[in-house]
Structures are given as structure tokens and as C-alpha cells.
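What follows is the residue order along each chain.
There are 2 protein chains.
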Amino acid sequence: MPVNLPPLNPAQLYPIPGVMLGIGSAGVKTPGRKDVLVMQLAEGSRAAGVFTQNRFCAAPVRLCREFLAGTRPIRALVVNTGNANAGTGLDGEKRARSICTALAEKMAIAPEQVLPFSTGVILEPLPADKIIAALPEAIADLAPAHWVEAANAIMTTDTAPKAASKQVPIDGKTVSITGISKGAGMIHPNMATMLGYVACDAAISQPLLQELVKYAADRSFNSITVDGDTSTNDSFILIATGKAGNAEITEQDSVDYLVLRDAITAISQTLAQAIIRDGEGATKFMTINVEGGNTREECKAVGYAIGRSPLIKTAFFASDPNLGRILCAIGYSNVENLDVNTLEVWLDDVLVAKDGGRVASYKEEDGQRVMNKPEITITVKLNRGVENATVWTCDFSYDYVKINADYRS
Amino acid sequence: MPVNLPPLNPAQLYPIPGVMLGIGSAGVKTPGRKDVLVMQLAEGSRAAGVFTQNRFCAAPVRLCREFLAGTRPIRALVVNTGNANAGTGLDGEKRARSICTALAEKMAIAPEQVLPFSTGVILEPLPADKIIAALPEAIADLAPAHWVEAANAIMTTDTAPKAASKQVPIDGKTVSITGISKGAGMIHPNMATMLGYVACDAAISQPLLQELVKYAADRSFNSITVDGDTSTNDSFILIATGKAGNAEITEQDSVDYLVLRDAITAISQTLAQAIIRDGEGATKFMTINVEGGNTREECKAVGYAIGRSPLIKTAFFASDPNLGRILCAIGYSNVENLDVNTLEVWLDDVLVAKDGGRVASYKEEDGQRVMNKPEITITVKLNRGVENATVWTCDFSYDYVKINADYRS
Numbered sequence: 001m002p003v004n005l006p007p008l009n010p011a012q013l014y015p016i017p018g019v020m021l022g023i024g025s026a027g028v029k030t031p032g033r034k035d036v037l038v039m040q041l042a043e044g045s046r047a048a049g050v051f052t053q054n055r056f057c058a059a060p061v062r063l064c065r066e067f068l069a070g071t072r073p074i075r076a077l078v079v080n081t082g083n084a085n086a087g088t089g090l091d092g093e094k095r096a097r098s099i100c101t102a103l104a105e106k107m108a109i110a111p112e113q114v115l116p117f118s119t120g121v122i123l124e125p126l127p128a129d130k131i132i133a134a135l136p137e138a139i140a141d142l143a144p145a146h147w148v149e150a151a152n153a154i155m156t157t158d159t160a161p162k163a164a165s166k167q168v169p170i171d172g173k174t175v176s177i178t179g180i181s182k183g184a185g186m187i188h189p190n191m192a193t194m195l196g197y198v199a200c201d202a203a204i205s206q207p208l209l210q211e212l213v214k215y216a217a218d219r220s221f222n223s224i225t226v227d228g229d230t231s232t233n234d235s236f237i238l239i240a241t242g243k244a245g246n247a248e249i250t251e252q253d254s255v256d257y258l259v260l261r262d263a264i265t266a267i268s269q270t271l272a273q274a275i276i277r278d279g280e281g282a283t284k285f286m287t288i289n290v291e292g293g294n295t296r297e298e299c300k301a302v303g304y305a306i307g308r309s310p311l312i313k314t315a316f317f318a319s320d321p322n323l324g325r326i327l328c329a330i331g332y333s334n335v336e337n338l339d340v341n342t343l344e345v346w347l348d349d350v351l352v353a354k355d356g357g358r359v360a361s362y363k364e365e366d367g368q369r370v371m372n373k374p375e376i377t378i379t380v381k382l383n384r385g386v387e388n389a390t391v392w393t394c395d396f397s398y399d400y401v402k403i404n405a406d407y408r409s
Numbered sequence: 410m411p412v413n414l415p416p417l418n419p420a421q422l423y424p425i426p427g428v429m430l431g432i433g434s435a436g437v438k439t440p441g442r443k444d445v446l447v448m449q450l451a452e453g454s455r456a457a458g459v460f461t462q463n464r465f466c467a468a469p470v471r472l473c474r475e476f477l478a479g480t481r482p483i484r485a486l487v488v489n490t491g492n493a494n495a496g497t498g499l500d501g502e503k504r505a506r507s508i509c510t511a512l513a514e515k516m517a518i519a520p521e522q523v524l525p526f527s528t529g530v531i532l533e534p535l536p537a538d539k540i541i542a543a544l545p546e547a548i549a550d551l552a553p554a555h556w557v558e559a560a561n562a563i564m565t566t567d568t569a570p571k572a573a574s575k576q577v578p579i580d581g582k583t584v585s586i587t588g589i590s591k592g593a594g595m596i597h598p599n600m601a602t603m604l605g606y607v608a609c610d611a612a613i614s615q616p617l618l619q620e621l622v623k624y625a626a627d628r629s630f631n632s633i634t635v636d637g638d639t640s641t642n643d644s645f646i647l648i649a650t651g652k653a654g655n656a657e658i659t660e661q662d663s664v665d666y667l668v669l670r671d672a673i674t675a676i677s678q679t680l681a682q683a684i685i686r687d688g689e690g691a692t693k694f695m696t697i698n699v700e701g702g703n704t705r706e707e708c709k710a711v712g713y714a715i716g717r718s719p720l721i722k723t724a725f726f727a728s729d730p731n732l733g734r735i736l737c738a739i740g741y742s743n744v745e746n747l748d749v750n751t752l753e754v755w756l757d758d759v760l761v762a763k764d765g766g767r768v769a770s771y772k773e774e775d776g777q778r779v780m781n782k783p784e785i786t787i788t789v790k791l792n793r794g795v796e797n798a799t800v801w802t803c804d805f806s807y808d809y810v811k812i813n814a815d816y817r818s
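Chains as they are written, first to last, in our numbering: chain Y, 1 to 409; chain R, 410 to 818.
It is possible that some hints are incorrect.
[As the list claims (entries may be wrong)] Computed cross-link-like contacts, PhoX-like style, restricted to lysine-lysine with a CA-CA straight-line distance of at most 20 Å:
id, chain 1, residue 1, chain 2, residue 2
1, Y, K106, Y, K94
2, Y, K130, Y, K94
3, Y, K94, R, K790
4, Y, K243, Y, K166
5, Y, K402, R, K811
6, Y, K130, Y, K29
7, R, K503, Y, K354
8, R, K763, R, K790
9, R, K582, R, K652
Simulated from the structure, these hints should not be mistaken for laboratory data.
Please build the complete structure, drawing on both the sequences and the hints.
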């Protein structure tokens with residue numbers, strides 16, 4: 001059961017003018033499963049992406065990088081679940097390319113206008129033929145309203161589909177933003193997570209769109225961790241179709257850019273948090289605020305040290321205020337010249353530690369009261385600068401072990 | 410049940426002339442438990458140590474650093490289990506110092522000749538009075554043969570005591586080496602692990618002893634991981650009593666030094682591996698050999714990326730040859746300019762991957778055959794240099810979660 005993740009309401013997901021979604025069934029891993037998603041983008045759309053920094057990045061990730069660096073505009077995306085097409089060498093690239101070519105022919109575009117994505121088990125050959133055979137079904141299904149179906153199609157060990165939507169006024173026009181994501185395990189993104197797609201109908205220049213995708217990823221998908229494993233397939237794609245009718249946004253310090261940036265970042269955060277709420281085996285959702293650092297990077301290092309510690313995550317699973325483990329993680333987070341005597345550690349509204357140790361006012365029952373909640377905020381005040389960062393994570397339960405000991409079989 | 414960790418045979422642990430060990434019962438956490446160890450070193454002994462790099466290092470670790478940097482020779486060690494005296498600020502230092510003072514008075518030495526050590530729960534005040542009250546019992550128990558009792562006294566969540574012993578000829582004399590360790594969880598040492606003690610009766614200069622403790626730690630306690638959490642209390646101490654009668658070893662390139670270095674390193678490796686064999690919830694023991702790197706550091710980075718991945722560790726728990734997860738971990742290990750197309754991955758004698766993907770000769774049943782074993786070697790050949798490193802780790806089971814969800818209660 002995800003932690004406080006409400007069921008999707010299709011009526012609350014705005015269609016994005018210029019984006020159509022269709023799903024098909026290739027049976028990559030499970031016969032009959034709707035496991036292929038095609039997203040079609042109208043002429044004039046722009047796309048930007050960030051991808052895993054894993055050196056064993058998947059074949060489709062390598063093709064995405066190549067195609068996005070090219071001169072032809074992206075007009076379609078194709079996603080399969082059940083097989084990651086990672087650790088598959090040159091043969092994997094050929095197979096991914098064959099899918100792009102097949103879809104491009106059917107859409108009368110060039111293969112390099114199709115971005116391919118895969119998620120699932122690593123090291124197995126991708127059954128490209130099955131996916132190609134499912135493309136006509138997905139194309140026939142294309143419609144602007146199919147966001148929920150799309151969110152379902154890209155799931156692996158996710159237990160619930162993830163989507164978010166929002167409208168903002170820009171330049172006197174209403175701009176719509178809708179996104180989907182999937183996650184569950186192998187989640188410790190380094191640039192973005194497999195998989196997040198956010199589309200809007202704003203008109204925005206390509207350089208600013210690229211800027212925006214990095215900004216939003218850093219504050220959303222790049223601020224979460226389930227198990228500290230950076231996947232081979234992480235991809236976050238931002239699409240702008242330009243159909244809203246606003247004057248093209250070209251200035252980074254314009255109000256229009258800031259409004260769009262904050263709305264896209266908010267949607268990305270909701271999608272990234274949804275991945276944590278539905279993290280493998282998760283029973284608790286933790287927000288780790290690190291404040292008062294010299295740099296955003298050191299704040300994030302502290303947040304990730306706490307967020308990926310198996311000892312902290314199992315203590316939260318047990319609702320055990322064994323809070324010394326948090327100090328331990330802060331201590332090994334490799335922050336230069338960290339003075340443990342000036343920092344503070346809070347659990348929700350309870351001050352736990354300062355002056356290098358537990359404060360006299362701390363009472364075990366106060367810690368226990370907070371630990372019993374399904375959503376908990378840990379705040380670390382470094383008290384040495386003005387930078388902040390937030391990391392989201394979940395606890396570590398028997399079910400995480402069960403899911404990952406059983407995943408392939 | 411530890412993985413292939415034979416029961417200790419007291420007859421196989423050589424006493425070290427110049428070292429006496431005694432235990433006492435302070436009831437720090439469990440009434441009646443033998444939880445205090447005193448080690449007495451004869452006049453003329455030398456000691457050297459390496460300690461955790463955690464900024465929240467425990468009070469006793471700070472005192473050890475201070476005393477080892479001083480001019481008076483170390484004459485005693487005192488260890489308690491059940492409380493780590495970490496995250497306890499200045500008050501924790503006072504309490505640790507009071508124990509050193511109490512023991513020093515009884516032994517007619519100075520307080521700074523006593524190295525203090527603590528292990529157990531973090532963030533709780535150390536009951537120093539209870540420990541001081543147990544010192545007379547421990548002193549009365551002092552004897553050269555009490556290594557097994559000492560190994561038992563320092564355990565926390567360990568399920569078995571850990572010790573190793575060896576004799577080597579040096580300068581026509583027989584040098585004896587005996588050591589003990591404890592571990593179980595919060596094991597990802599960065600300099601050494603809580604706790605390892607190795608004593609020998611060789612005569613060796615202080616600078617070479619310091620050199621040797623680092624060399625041995627790097628190839629033993631600093632090459633293991635259970636859960637990626639670097640403890641606040643990690644300490645590894647090497648003692649040389651000089652009673653063997655050999656001419657003092659003073660040259661780093663002498664045969665005597667090399668013989669002693671290799672013997673101490675071998676004992677340290679056995680003790681470090683024993684910690685992994687008895688890692689919390691461990692059912693498998695994995696050796697990760699990384700060969701052909703440009704530097705020892707990059708080999709270790711690859712080894713640790715594999716060794717701390719929850720996804721790999723749960724797959725090994727399940728005996729599931731889901732080997733793509735190994736490629737994934739190599740890919741995110743941050744090795745600069747790593748070419749995934751030239752490296753090889755082996756599981757025992759089975760070649761799994763090269764040319765960026767799975768080799769055609771690989772058969773699932775071969776992978777399964779290896780995965781079913783309790784001891785497994787993963788070999789990664791980077792094929793770009795001549796450096797090597799080895800990391801030892803264990804799998805990740807339901808019991809790890811259970812032990813750490815229950816540890817305090």
C-alpha cells in the first residue's frame with residue numbers, strides 16, 4: 001500500500017493540446033499486459049531530457065541522447081515495460097533502433113524523431129518484434145485523454161499509477177501541465193529517474209526548456225532515494241507543444257518563465273514524491289530538510305546520507321526513535337569541516353540534538369509520538385550558511401527484501 | 410547462523426607475552442552480561458590505531474586519538490559493550506575520561522595511558538559508574554589466555570565471537586599474533602571497524618607500527634561492508650609488546666617487516682571476514698575481486714558499489730542470478746571514463762558479461778549453480794590497468810530488517 005497516495009482521478013488530469021497517448025499489449029514479460037505506450041507530439045513541439053549518469057546506461061538512453069542532440073524535432077515517444085534493454089551491448093541498440101524505425105514509418109516521420117524508453121529486468125535481450133507488433137494497437141488508441149492509461153502502462157513493481165496535473169496563467173493564456181512517472185526500486189536518480197514525463201502546452205524556447213528540465217529534475221527526481229541504486233534507465237522528459245497561444249518564453253528572468261518553472265517543478269515534485277510513497281515495501285514517507293549549509297550540494301549530501309541509510313530506514317519501519325543513527329549518518333556524509341557541535345537535529349517539531357548530543361529537553365515519548373506517524377519530517381540545521389536542500393525517502397521493510405528477492409521469478 | 414565461521418578453539422589462540430586480558434560484568438544494557446574488557450600491556454609495549462572518519466565520532470574515539478598522539482606509552486585498553494557513548498557531546502568525553510582515570514589509579518599508571526572503547530546504542534548517556542564498578546572484577550580476571558572470553562565480551566548483535574591467531578619466524582625468533590574483532594551492523598568502515606584488536610610480541614619501531622596498522626586496515630577492515638553505514642565508533646588497534654626477542658624492526662624494506670606485515674594483514678583479513686560471515690542476517694559470504702584498474706581506489710569504488718547495493722544483496726539472498734544488477738552497480742560506481750565495453754564480469758568460474766552485455770556462452774543454469782553456494786566470488790576485470798582490490802560483503806535478508814527494526818527494544 002503506497003503511503004498517502006490518493007487514487008488517480010482522470011477528470012483532474014488536463015489533456016495537453018498537441019499530445020496524444022495510446023497503449024498496446026506486447027506481452028514483453030506478462031502475456032496480455034498493456035505494456036507499450038506511444039506518445040505522439042504535434043508539429044512544433046519541443047522536448048528536452050535528462051538521463052541517468054550510470055555508465056552502463058541502457059541502449060534506449062543512448063539513442064535518446066543521440067536523437068535529442070540532433071537537428072530534427074522529436075515527434076513521438078515509445079515506452080515498453082518488462083525489459084530494460086540495459087547491459088545488452090550493441091545488439092540492444094539495434095533492437096531499440098528497429099522499434100523507432102517501425103514507429104516512424106507508421107507515423108511518416110524519421111526514426112530519429114522517436115525517443116525510445118525501456119524499463120524492467122537488465123541483461124535480457126529486448127523482444128523488439130513483440131513491441132513492434134503492438135505498435136498498431138497503440139497507434140489506434142491515440143487520444144489526448146489517455147494519461148491514466150499511460151501511467152498504468154509504464155509501471156513495473158509500482159503498485160499504483162502516478163500522475164499529476166496543473167494549470168497556470170501565462171501571458172493571458174491558460175497553460176496546462178500534465179505528467180506521469182514510475183519508480184518503485186533501483187531509485188537513487190543521478191540526473192533523473194526512470195521514468196518521468198511532463199508535458200505542457202506553453203511556448204518556450206529550446207534553451208530555456210533545457211534549463212527548466214534540469215532545474216525541475218534537481219529539485220524533484222534528483223532528490224529522492226529508495227535504495228541508493230542508480231538505475232541504468234533513468235529518464236526525465238519535458239515536452240512543450242506551444243499550443244497554449246502565449247508569446248514564446250525566451251528570457252530566464254521573465255515572470256512568465258518563473259511561473260512556468262515553478263509550476264513544472266511542483267508537478268515534478270509531486271511525481272517524484274509519488275515514487276517514494278509507492279517505494280518498494282514503503283510504509284512511511286520521510287521528508288529530510290537540510291538547512292543552513294554552505295552549498296546546496298553539501299545539504300543534499302547530508303540528506304542522502306540519512307535517506308539511504310539502511311539502519312535509519314529500518315528504525316523508521318519499526319517506528320523506533322533510535323535517533324543516534326541519524327547523527328551517525330550526518331557524521332559520515334563527507335561534509336568538509338562539519339562541526340557537529342553547532343548543528344541541530346529535529347524530528348517534526350521535536351528538537352532532538354544539538355551541542356554534539358541529545359538535548360536535555362528531549363523525551364522518548366515525544367520522539368515516539370512522531371515516529372508513529374506515516375509522514376515524518378527530519379530537519380537538520382547545519383547553522384553555517386544559507387543554502388538548503390530537501391530529500392524524500394521511504395522506510396526499509398521486510399517487503400523491500402521480499403520484492404527484490406522475488407522480482408525476477 | 411554465521412556463514413562458514415567455525416567455532417573458536419581456545420587452544421589455537423596463542424597467548425601474546427606482554428598482554429593480559431580480563432573481563433567483568435557491568436550490566437550496561439543487560440544485567441549479568443560480561444560486557445567489560447580490560448587489556449593490560451606490559452612495559453615497553455607499543456600501540457597504534459586507526460579510527461572512524463565519521464564526524465560524529467564517539468567520545469572514546471576522540472580520547473584514543475588524543476592519548477595515542479601523546480608521549481606516554483599506552484599500557485591498558487578498556488572496552489564496554491551495550492552503549493556507544495556517541496552523540497553524547499562533552500559530557501560523553503567526561504564519562505569516558507572518568508573510566509580511564511579509575512582504571513589508571515588501580516594500575517598505577519596515568520589516565521592517558523588507557524585507551525577507552527565503547528560499542529552499542531548511540532545517543533544514550535554512558536553509565537560510567539557501572540563500568541567503573543566492574544573494573545576490579547576485570548582486573549582480578551587478567552590472564553594471558555583469556556582471548557576467547559575477550560572476544561565474547563565485546564559482542565553486540567554478533568552471534569559468534571571472532572578471533573584469529575598465527576605464529577611466524579622473525580629474526581630467528583617465533584613471533585605470535587592474536588586478534589579479536591566484533592561487527593555485525595553499521596559496518597562500512599572508513600579507516601577501521603568497531604572493533605578490531607591485534608596484538609603481537611614482535612619488536613618494531615613506532616613509525617613502522619603506525620605504517621603497518623594502516624596497511625593492514627586498508628586490506629581488511631576497510632574492505633568490508635554490511636550495510637554501507639560507517640559507524641561512529643570504528644577502531645582498529647595494533648599492539649606490539651616486543652617480548653619475542655627479535656631485533657627491533659626499523660626498516661620498511663626489510664624481510665622481517667614484510668613477513669610481519671603479511672602475517673598481521675592475514676590475521677586482520679580473517680577477523681574482518683569473520684565480521685562479514687556474521688553480518689546481521691547474513692546467509693551468504695561474497696568476495697568481490699576487482700582487477701585491472703588504473704588505481705586501487707577505483708577498484709575499491711567498484712567493489713563497494715557492488716557490495717553495498719541492496720538490490721544485489723537481496724538477489725544473492727534469493728540465490729537469484731539477476732546479474733544485470735551487478736552491471737548496474739559497476740555503471741554507477743563513478744569510475745572516470747569507464748568503458749563498459751571492455752570490462753568482464755565473472756561469477757566464480759562463469760563468464761557472465763563482456764562487450765557491454767551478456768556473453769552468448771552464458772547459461773542460466775551455470776549462474777544458478779554458483780548462486781546456490783554459500784560462498785561466491787564476483788570478479789570484475791576492468792582491463793585498463795594493473796591495480797586490484799578485494800571487498801567482502803554478505804547478502805541482505807529479512808533478518809537484517811528484523812534485527813535492525815528490533816535492535817533497541
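Pair hint K130(Y) and K94(Y), alpha-carbon separation not exceeding 20 Å: holds (15 Å)
K106(Y) paired with K94(Y) [C-alpha distance capped at 20 Å]: Satisfied, since the Cα-Cα distance of roughly 19 Å is no more than 20 Å.
Hinted pair K402(Y) and K811(R), Cα distance within 20 Å: holds (13 Å)
Pair hint K503(R) and K354(Y), alpha-carbon separation not exceeding 20 Å: holds (17 Å)
Pair hint K243(Y) and K166(Y), alpha-carbon separation not exceeding 20 Å: Roughly 16 Å between the alpha carbons, so the hint for K243(Y) and K166(Y) holds.
Restraint check for K94(Y) with K790(R), where alpha carbons must lie at most 20 Å apart: violated (26 Å)
Hint consistency between K763(R) and K790(R) [alpha-carbon to alpha-carbon, up to 20 Å]: Holds. K763(R) to K790(R) sits at ~10 Å (cutoff 20 Å).
Given hint K652(R) paired with K582(R) - CA-CA distance at most 20 Å: holds (10 Å)
Distance restraint between K130(Y) and K29(Y), which requires alpha-carbon spacing of 20 Å or less: holds (10 Å)
In summary, the structure is inconsistent with hint 3 from the numbered list given earlier, while agreeing with all the others.
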